[in-house]
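Asker: Modelling step: build the complete structure from the supplied sequences, incorporating the hints.
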Amino acid sequence: MNPRRDSLPWAAANTPGTHPGLPPRAGVGLKPAHVQAILEGAPDLGFFEVHAENYLVAGGPMHADLARIAKRYPLSIHGVGLSIGGADPLDPDHLHALRGLLDCYQPALFSEHLAWSTHGGVFWNDLLPVPYDRATLNRVCAHLDQVQETLGRRILLENPATYVEFADSTLSEAAFITELVARTGCGLLLDVNNAYVSCINHGRDVLAYLAALPLAQVGEVHLAGFHRDTDSSGDPLLIDSHGSAVDEAVWSLYAWTLARIGPQPTLIEWDNDLPVFDRLHAEARRADRLLMGLEAGLETAGDTARRISA
Amino acid sequence: MSGPAAWCAALLDPDREVPPGLSTWNGSDPAQRFTVYRNNVTVSLMEALAETFPVCQAMVGAPHFRDLARAFVRRHPPRSPVLARYGHGFADFIAECTLAAPWPYLPDLARLELACLDALHAADAQPLDPDALAAALGRPETLPSLRLGLHPSLATLGSPYAVVSLWAAHQGDGPAPAVNPDRPEQAWVLRRGRAVLVLPMSGGDCRFVRALQVGATLGEATATAAAAASDEDADAAGGFDLTRCLAVLLREQVLTGIT
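Top to bottom, those sequences are chains A and B.
Here the first sequence stands for residues 1 to 310, numbered as in my numbering.
Here the second sequence stands for residues 1 to 259, numbered as in my numbering.
Heads up, a few of these hints could be off.
What the hints assert, rightly or not - Simulated restraints, written as ranges between beta carbons of each label pair: (1) Leu137/B x Leu39/A: 34 to 40 Å; (2) Thr150/A x Arg192/B: 35 to 41 Å; (3) Ala64/A x Leu250/B: 20 to 26 Å; (4) Leu39/A x Gly61/B: 33 to 39 Å.
Hints were generated in silico from the structure; no laboratory data involved.
Computed from a prediction, not measured in an experiment: that's the story for all the values here.
All C-beta atoms in this analysis are idealised placements derived from N, C-alpha and C, irrespective of residue type, glycine included.
Answerer: Spelled out as structure tokens, the structure:
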């Protein structure tokens, strides 16, 4: 089954870059420890993002807080447990629980990962890598079709951070992602940190990798910090740790990417060794400066074009 | 074994060979790189347990808790991506685990901490309308046949050990006061507003709530709790006290209906 993009019910309503309610601004992950500071300080942020699985509980302060935040800010919900890359069928109960969560909060975006996390009924709580071959591609596409149908919306799929490759892979990661985006009509959540981490870890040219992705289908960007390690050959092995500030190399790649795709909603992910909210907000402001500078730059270019044409 | 099955077998077992078919761009050892995944899985799940059971961790110390958590993770990895549910089973595991033998009260302390987490995430419910309560109290002769609706967060816990005092001793910022663990205690666990409360109650009071939760009328639950309390050796909290129970249910706004 290869439905044409424009025949998918969610394709028209969710054109890349024009998600209703999610502005091309910087947002941050919502942490319970920060909720009070956010409600009191009303920081100027484009949106908040939460991990879906943290909110698959019946009630209590998690939902009370999210409801208050969602009244004031656009919301993005990011799944970490669907196991779209898994060999097993998707968990229908989990999928329906997600549908209920999305119906409840009506987030501007829902995204998931190109990874697996459940097998044989066990949830491994990590984003495990998939081989890039035809059989896996077909399975991931079928899972994406099922997810988008059940959730009734287009989703974004995030490029992974990986530490090993599979000898049996027959496609490059970028070719794999390009084809699944084309076949399913899903969008791309471009995690620039993951791109950098994976390219360093696998000796790839990161600019060539980014250029080979379906950049026109990017609907959100993620930025995060990594941890630096070394492999047994002494080469750098970067760990996608979400526990520090965004690296300068990733900021540079982000600026390079924005120059090609225009301003996009951009999330600062900082999940471990959580800083005070102001420090997190400072990272978001840096992303905002790049986003707004780009907008100013585009206006200038537009003015110039108009002057020339006049 | 290949594919994800080989991954799963190797993720929790550091003695097992890494899955076949891994490659690296520079010829470096894939086993060392696979360790990143092993660490992510094991450490993140151990951290999830440490977040759910902070008082257990404080009682046994971080190194011992890590040993218990690692053993549990390897034996009982989660079955759901909703990690708020992970940890059900931890108390039963440590009750059987020789690593936890020096702390006989630890399983019940874990049950209490899990009850707190469950209360935190339990469904919301509106407290009983005061007019409905007044109407019921205006017809005292019907009271024994009424059924009380209780807030979904309300749970009971009893132990031959002083786990309620142990828990309470670790709620402040300062050093925990010493507690003699060798006396029985019972508590109601509930959520009021945003806060989870652990209220010391008698064993009879706990039986009263459990009877109501399975659909007993007020009269039946009172009889059950009173009979049970007199059977017990009239514990220190003074057995069953209906007035106290009703006062606490009202005060903490966990009475949600009268039918």
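Asker: Now tell me, hint by hint, if it's right for this structure.
Answerer: Evaluated hints:
no., hint, result
1, Leu137/B x Leu39/A: 34 to 40 Å, "holds, 39 Å"
2, Thr150/A x Arg192/B: 35 to 41 Å, "holds, 37 Å"
3, Ala64/A x Leu250/B: 20 to 26 Å, "holds, 22 Å"
4, Leu39/A x Gly61/B: 33 to 39 Å, "holds, 37 Å"
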